[in-house]
Amino acid sequence: MLQESNCKVIDLRGQICPSTLLTSLREVNNSKEELKSGSLKLVLLSDNRSSTTHISDAVTSMGYRVDVDKEREHYMISICRNS
Amino acid sequence: MQSIHLIMLAGGLLTGLIAGFIMHRSDYCIAGMFSNLFLFRSTIMLKTLFLLIGVSMLLFEMVNITGFVTVPFPFFGPPSLANIIGGFLFGAGMILSGGCVVGTLYKMGAGSFASTLAFLGLVIGSTLYAFLHPKWVFLSKLLALPTNTVTIPQLLGISSTLPAFLISVFLIALFVYWLRNAEIETSVVVDGYIQPWKAAILLAFLGSVSVLITGMPMGITTSYSKFGAILIQLIAPERYTDIKYFTLLPLNYTPPLGGETISGGPGAMIDAISLIQFPVIFGIIGGSAISAIWLGEWHLNLRLPWKQIVSAVVGGILMGMASRMAPACNIWHLMGGLPIMAMQSLLFLLGLLPGAWFGTLVFSRVVVSS
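Same order as they appear, the protein sequences are chains R and S.
Numbering of the first sequence is given in our numbering, commencing with residue 144 and proceeding in unit increments.
Numbering of the second sequence is given in our numbering, commencing with residue -7 and proceeding in unit increments.
In case anyone wonders, no lab produced these hints; they're calculated from the structure.
Just so you know, these numbers come straight off a predicted model, no measurement behind them.
Hints are not guaranteed to be accurate.
[To be verified] Quick partial rundown of chain S residues pointing at chain R, CB under 7 Å, derived from the structure:
id : residue
1  : Asp19
2  : Gly24
3  : Gly90
4  : Ala106
5  : Thr108
6  : Ser179
7  : Val182
8  : Thr233
9  : Lys236
10 : Thr239
11 : Leu243
12 : His291
13 : Ile301
[Said to hold, decoys possible] Cut-off 25 Å, straight-line C-alpha distance, at most; resulting in silico cross-link-like pairs (BS3-like, lysine-lysine):
id : chain 1 : residue 1 : chain 2 : residue 2
14 : S       : Lys236    : S       : Lys133
15 : R       : Lys175    : R       : Lys151
16 : R       : Lys213    : R       : Lys184
17 : S       : Lys299    : S       : Lys127
18 : S       : Lys127    : R       : Lys151
19 : R       : Lys213    : S       : Lys190
Where is the CB? At the ideal position from N, CA and C, for every residue including glycine.
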């Protein structure tokens, strides 16, 4: 896990399916104050296609902005305040 | 090898390749269907399973009416309450390992280390069952329901055509309702994505192709015992000959394409099981690998938390043993047995649901605990 000043990167690549989604949602909940204030951008790295879709849907429905970009063989899910 | 056997081999390989490709593109994971239900109350994937069963039911019944293939298919037998126990253990195992017997294959094909561990667990579990087999047969007979029939229509003494038609039309109508209300589609954020409902229809057609070529739906789990038998024969040949389970030949039939009667079982020999199941297994792995390489997503990531390593192996072992106890796996029962209303498959589902719930509970509380 790598932490920068306003960007937290969590590497979930290779994990068993429900773990990717569970860990992602836990991280979003744990960081909700910073995310809502706009002081933090959460970046999740996932190589699980299903989880990438479900994380995007679930976090979008929680009111955050979600961008999914492909980075070589995995996906980068960026979560931040919905401006 | 007769030309009919070559057709079966090539057909199985092609069916497996297409299935593996589709499953990877749509991430059609049956374990995920149930874990999403219990963890997040998400039913989108489960709805596609209803569609798969409905379309398969219609197609299988059409094949049945032609008389080309005999229904119930080979391997299906009268129900026993032991099917529930097998379903329960299977459900728990598939959640812990992160994929069912087929999910494990397509994920392994795409480079998943966790699924490779689950695959090893499956082979170990299927092999361990060989030692339990006599006691399990005794228990299965003890818990057998008082009927020699295999399907519900047989039990009721009626033709399967009308109930199959009514149920499949109901399930397909339900799908149309969900589609119109946007309740069965997911957003598209990954490359080359195939909507799971489209995958469900394609997999139902592939199941029917399997029925036409081999006389039975897709099934692969006897091969896991066979892989274990081959290993035991190599490592401890004197021990191998003592294991009665490996001498059994539960499959003995004439394929619908014709030719001589062929037989096969879980032992180390090359037989009808190898002919029917090996091409599908290698096809699914290959099809998924082709899809992943095509998208530039194939990679092997060996980093995995130790709890998930244990979970994948233990889940695989549980699933391997359960697939012999049930008997057979979720693909066989959900995609092959439910569409013909096999009572074994209904009991398997009855056990699978609480098993998957229990597996989800253990996974979320123990394996992914902070």
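Hints, verified against the model:
1. Among the interface hints, the one on Asp19 (chain S) holds; its C-beta lies about 4 Å from the nearest C-beta in chain R, closer than the 7 Å criterion.
2. For Gly24 (chain S), the suggested interface contact is upheld, since its CB lies about 5 Å from the closest CB of chain R, less than 7 Å.
3. A cut of 7 Å between beta carbons decides the hint on Gly90 (chain S): the least distance to chain R is about 4 Å, and the hint holds.
4. Taken as an interface hint, Ala106 (chain S) checks out: its beta carbon lies about 5 Å from the nearest beta carbon of chain R, inside 7 Å.
5. The closest approach between the C-beta of Thr108 (chain S) and any C-beta of chain R is roughly 11 Å, which is over the 7 Å cut-off, so the hint fails.
6. Residue-level restraint check for Ser179 (chain S) holds (minimum Cβ-Cβ distance to chain R is 6 Å; threshold 7 Å).
7. For Val182 (chain S), the suggested interface contact is upheld, since its CB lies about 5 Å from the closest CB of chain R, less than 7 Å.
8. Annotation: Thr233 (chain S) was flagged as interfacial toward chain R, and the flag is violated, the nearest CB pair being 38 Å apart, outside 7 Å.
9. Evaluation of the Lys236 (chain S) hint against chain R yields a violated restraint, the C-beta minimum of about 36 Å exceeding 7 Å.
10. Interface hint at Thr239 (chain S): violated, since its Cβ lies 37 Å from the closest Cβ of chain R, which is beyond the 7 Å cut-off.
11. The restraint placing Leu243 (chain S) at the interface with chain R is violated, with a minimum CB-CB distance near 32 Å, outside the 7 Å limit.
12. Interface restraint check: His291 (chain S) against chain R, minimum CB-CB distance 4 Å, threshold 7 Å, status holds.
13. Annotation: Ile301 (chain S) was flagged as interfacial toward chain R, and the flag is violated, the nearest CB pair being 10 Å apart, outside 7 Å.
14. A C-alpha spacing of about 18 Å is found between Lys236 (chain S) and Lys133 (chain S), which places the hinted pair at or below 25 Å, so the restraint holds.
15. Simply put, Lys175 (chain R) and Lys151 (chain R) have alpha-carbon atoms about 13 Å apart, close enough for the 25 Å limit, and the pair holds.
16. Of the supplied pair hints, the one linking Lys213 (chain R) and Lys184 (chain R) holds, its CA atoms being roughly 17 Å apart against a limit of 25 Å.
17. Distance hint between Lys299 (chain S) and Lys127 (chain S) is unfulfilled; the C-alpha atoms sit about 32 Å from each other, more than 25 Å.
18. A threshold of 25 Å between alpha carbons decides the hint, and for Lys127 (chain S) with Lys151 (chain R) the separation of about 54 Å lies outside it, so the pair is violated.
19. The straight-line distance between the Cα atoms of Lys213 (chain R) and Lys190 (chain S) is roughly 24 Å, inside the 25 Å bound, and the hint therefore holds.
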